[in-house]
Every structure is written in C-alpha cells, then in structure tokens.
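Under the numbering used here, the first residue of the sequence shown is numbered 1, with each subsequent residue one higher.
Treat the hints as calculated values from the structure; they're not laboratory data.
Heads up, the beta-carbon is just placed ideally off N, CA and C, and yes, glycines get one too.
Take the hints with a grain of salt, since some may be wrong.
[Unchecked claim] Simulated crosslink set (EDC-like; lysine to aspartate or glutamate; CA at most 20 Å straight-line):
| id | residue 1 | residue 2 |
| --- | --- | --- |
| 1 | K54 | E32 |
| 2 | K54 | D88 |
| 3 | K94 | E74 |
| 4 | K102 | E80 |
| 5 | K19 | E51 |
| 6 | K102 | D43 |
| 7 | K19 | D43 |
| 8 | K94 | E81 |
| 9 | K19 | D42 |
| 10 | K91 | D42 |
| 11 | K94 | D112 |
| 12 | K19 | D88 |
| 13 | K94 | E14 |
| 14 | K10 | E80 |
| 15 | K102 | D112 |
| 16 | K54 | E81 |
| 17 | K91 | D112 |
| 18 | K54 | D42 |
| 19 | K94 | E111 |
| 20 | K114 | E74 |
| 21 | K102 | E81 |
| 22 | K54 | E80 |
| 23 | K54 | D43 |
| 24 | K94 | E135 |
| 25 | K102 | E135 |
[Stated by the list, open to error] The calculated label-pair distances, taken between Cβ atoms and stated as ranges, are:
| id | residue 1 | residue 2 | range |
| --- | --- | --- | --- |
| 26 | T118 | K10 | 14 to 20 Å |
| 27 | P27 | T106 | 20 to 26 Å |
| 28 | E14 | R48 | 19 to 25 Å |
| 29 | E51 | G105 | 26 to 32 Å |
| 30 | N89 | V15 | 18 to 24 Å |
| 31 | Y129 | K54 | 28 to 34 Å |
| 32 | E111 | K91 | 29 to 35 Å |
| 33 | N20 | E117 | 27 to 33 Å |
| 34 | D112 | D88 | 17 to 23 Å |
| 35 | N107 | P27 | 16 to 22 Å |
| 36 | S50 | P116 | 28 to 34 Å |
| 37 | V78 | S125 | 18 to 24 Å |
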Amino acid sequence: GLIDGGHTYKIGREVFRSKNIVSVIIPESVTEIGFEAFMSCDDLTSVRLSENVKTICSYAFGFCGNLQQLTIPESVTVIEEYAFHACDNLKNVKFLNFNGWKYSGTNISAEDLKNPETAATYLTSTYRYYTWTRENKGE
Numbered sequence: 001g002l003i004d005g006g007h008t009y010k011i012g013r014e015v016f017r018s019k020n021i022v023s024v025i026i027p028e029s030v031t032e033i034g035f036e037a038f039m040s041c042d043d044l045t046s047v048r049l050s051e052n053v054k055t056i057c058s059y060a061f062g063f064c065g066n067l068q069q070l071t072i073p074e075s076v077t078v079i080e081e082y083a084f085h086a087c088d089n090l091k092n093v094k095f096l097n098f099n100g101w102k103y104s105g106t107n108i109s110a111e112d113l114k115n116p117e118t119a120a121t122y123l124t125s126t127y128r129y130y131t132w133t134r135e136n137k138g139e
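Taking the hints into account, I'd like the entire structure generated from these sequences.
See the structure below:
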C-alpha cells in the first residue's frame, strides 16, 4: 500500500503496528519513521524509503520477519537501536552512503557496509543494540 504523503512528515508511533501490510512505499514528504511504526507486520516483504527519510526510530521495523531486503537512502543519518530487531529474513541491506556511520562513538567499517549481507547482519544482530549515526557533511 502507498501511504498518501500530503503533508505527512513522520510516520507516527505504532501507526501500522501488527497490520496486514505486504508492501510500503514511504512518500517524499516523510523524514522520520516513528517508534514501532511497522513493528510486527508479519506479512511485510517490501519497503521503499524515500530520499528524504532522515531517522528510523527504535523498533520501527522490529519483528518484521518476512522483510528480506532494504535500501537505506543517503538521506538517513540516524538508525535507532533495535530498528530492525528480529527481522530474521533481512539478509540484504544496501546502504547508498556507507561512509561515516558510528555507534556509541565507534566507527562502523564502510568496507563492511558495502557488503549487503554484512550490513544486514550488523543491523539485525551484531550492532542492533546501538543507535547508529552518520554525519551529513553536505553530501
């Protein structure tokens, strides 16, 4: 389903939690995916984030067990802890900008994030406990 953007700037807290959604296209007007916005959407297999999304909040896509791939646009500068927790089938995450990511002040290897399988493992497992940030240096 397409979320009608209009003047929506944030997908709110728990708005689509546990809904029978298969596909989501985030409109250009949205800059933030809220806390637990799509949590436990068991049927969700496809998400397309707009080039204006900056923040993906905690558990935004948590427990979306059928989500398999995702592209993180260059606009994203914050991925909060557990944003993709228990997304057990998320095996392919493509970062359009893999440089400058950190968690708790520790750099995340750009070389590692270039690899979609490794990036997925980091988001869903290895570093899921941390908020990730990326400095936006006028890109």
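Outcome of the hint check:
1. Between K54 and E32 the CA atoms are separated by roughly 6 Å; this keeps the pair inside 20 Å, and the hint holds.
2. Restraint check for K54 and D88: not satisfied, since their Cα atoms lie roughly 24 Å apart, outside the 20 Å limit.
3. Only pairs whose Cα atoms come within 20 Å are accepted, and K94 paired with E74 is accepted, the gap being roughly 10 Å.
4. With a C-alpha separation of about 11 Å, the suggested pairing of K102 with E80 holds against the 20 Å cut-off.
5. With a C-alpha separation of about 24 Å, the suggested pairing of K19 with E51 is violated against the 20 Å cut-off.
6. A threshold of 20 Å between alpha carbons decides the hint, and for K102 with D43 the separation of about 31 Å lies outside it, so the pair is violated.
7. With a C-alpha separation of about 8 Å, the suggested pairing of K19 with D43 holds against the 20 Å cut-off.
8. Restraint check for K94 and E81: the C-alpha separation of about 18 Å stays at or below 20 Å, so the hint holds.
9. Distance restraint check for K19 and D42: the Cα-Cα separation of roughly 8 Å lies within the 20 Å cut-off, and the hinted pair is therefore satisfied.
10. A threshold of 20 Å between alpha carbons decides the hint, and for K91 with D42 the separation of about 16 Å falls inside it, so the pair holds.
11. Between K94 and D112 the CA atoms are separated by roughly 11 Å; this keeps the pair inside 20 Å, and the hint holds.
12. Restraint check for K19 and D88: satisfied, since their Cα atoms lie roughly 18 Å apart, inside the 20 Å limit.
13. For the hint pairing K94 with E14, the CA-to-CA distance comes to about 25 Å; that exceeds 20 Å, so the pair is violated.
14. Pair hint K10 plus E80 holds up; C-alpha atoms about 15 Å apart against a cutoff of 20 Å.
15. Of the pairs offered as hints, the one joining K102 and D112 holds, with about 13 Å between alpha carbons and a cut-off of 20 Å not exceeded.
16. For the hint linking K54 to E81, the alpha-carbon distance of about 15 Å falls within 20 Å, and the restraint holds.
17. Annotation: proposed proximity of K91 to D112 holds, straight-line Cα distance about 14 Å (limit 20 Å).
18. For the hint linking K54 to D42, the alpha-carbon distance of about 24 Å lies beyond 20 Å, and the restraint is violated.
19. Restraint check for K94 and E111: the C-alpha separation of about 12 Å stays at or below 20 Å, so the hint holds.
20. Our distance criterion of 20 Å between C-alpha atoms is met by K114 and E74, whose separation comes to about 13 Å.
21. Pair hint K102 plus E81 holds up; C-alpha atoms about 12 Å apart against a cutoff of 20 Å.
22. Pair hint K54 plus E80 holds up; C-alpha atoms about 11 Å apart against a cutoff of 20 Å.
23. For a cut-off of 20 Å, the pair hint linking K54 to D43 is broken: about 25 Å separates their Cα positions.
24. For the hint linking K94 to E135, the alpha-carbon distance of about 18 Å falls within 20 Å, and the restraint holds.
25. A distance of roughly 9 Å separates the Cα atoms of K102 and E135; the hinted pair therefore holds under the 20 Å criterion.
26. Between T118 and K10 the C-beta distance comes to about 30 Å, which lies outside the given range of 14 to 20 Å.
27. As the Cβ distance of P27 to T106 is approximately 34 Å, the hint placing it in 20 to 26 Å is violated.
28. Taking the beta carbon of each, E14 and R48 are about 21 Å apart, inside 19 to 25 Å as hinted.
29. Checked against the hint of 26 to 32 Å, the pair E51 and G105 passes, with Cβ atoms roughly 28 Å apart.
30. Take N89 and V15: their Cβ atoms lie about 23 Å apart, and the range 18 to 24 Å holds.
31. The given range of 28 to 34 Å is broken by Y129 and K54, whose C-beta atoms sit roughly 21 Å from each other.
32. The hint said 29 to 35 Å for the Cβ distance between E111 and K91, and at roughly 19 Å that hint is violated.
33. For N20 and E117, the hinted distance range of 27 to 33 Å is satisfied, since their beta carbons lie about 29 Å from each other.
34. At about 20 Å, the CB distance of D112 to D88 agrees with the hint of 17 to 23 Å.
35. The beta-carbon spacing between N107 and P27, approximately 32 Å, falls outside the hinted interval of 16 to 22 Å.
36. At roughly 20 Å, the beta-carbon separation of S50 and P116 lies outside the given 28 to 34 Å, and the hint is violated.
37. Under the hint 18 to 24 Å, the C-beta atoms of V78 and S125, about 19 Å apart, fit the expected range.
In summary, the numbered hints that this structure violates are 2, 5, 6, 13, 18, 23, 26, 27, 31, 32, 35 and 36.
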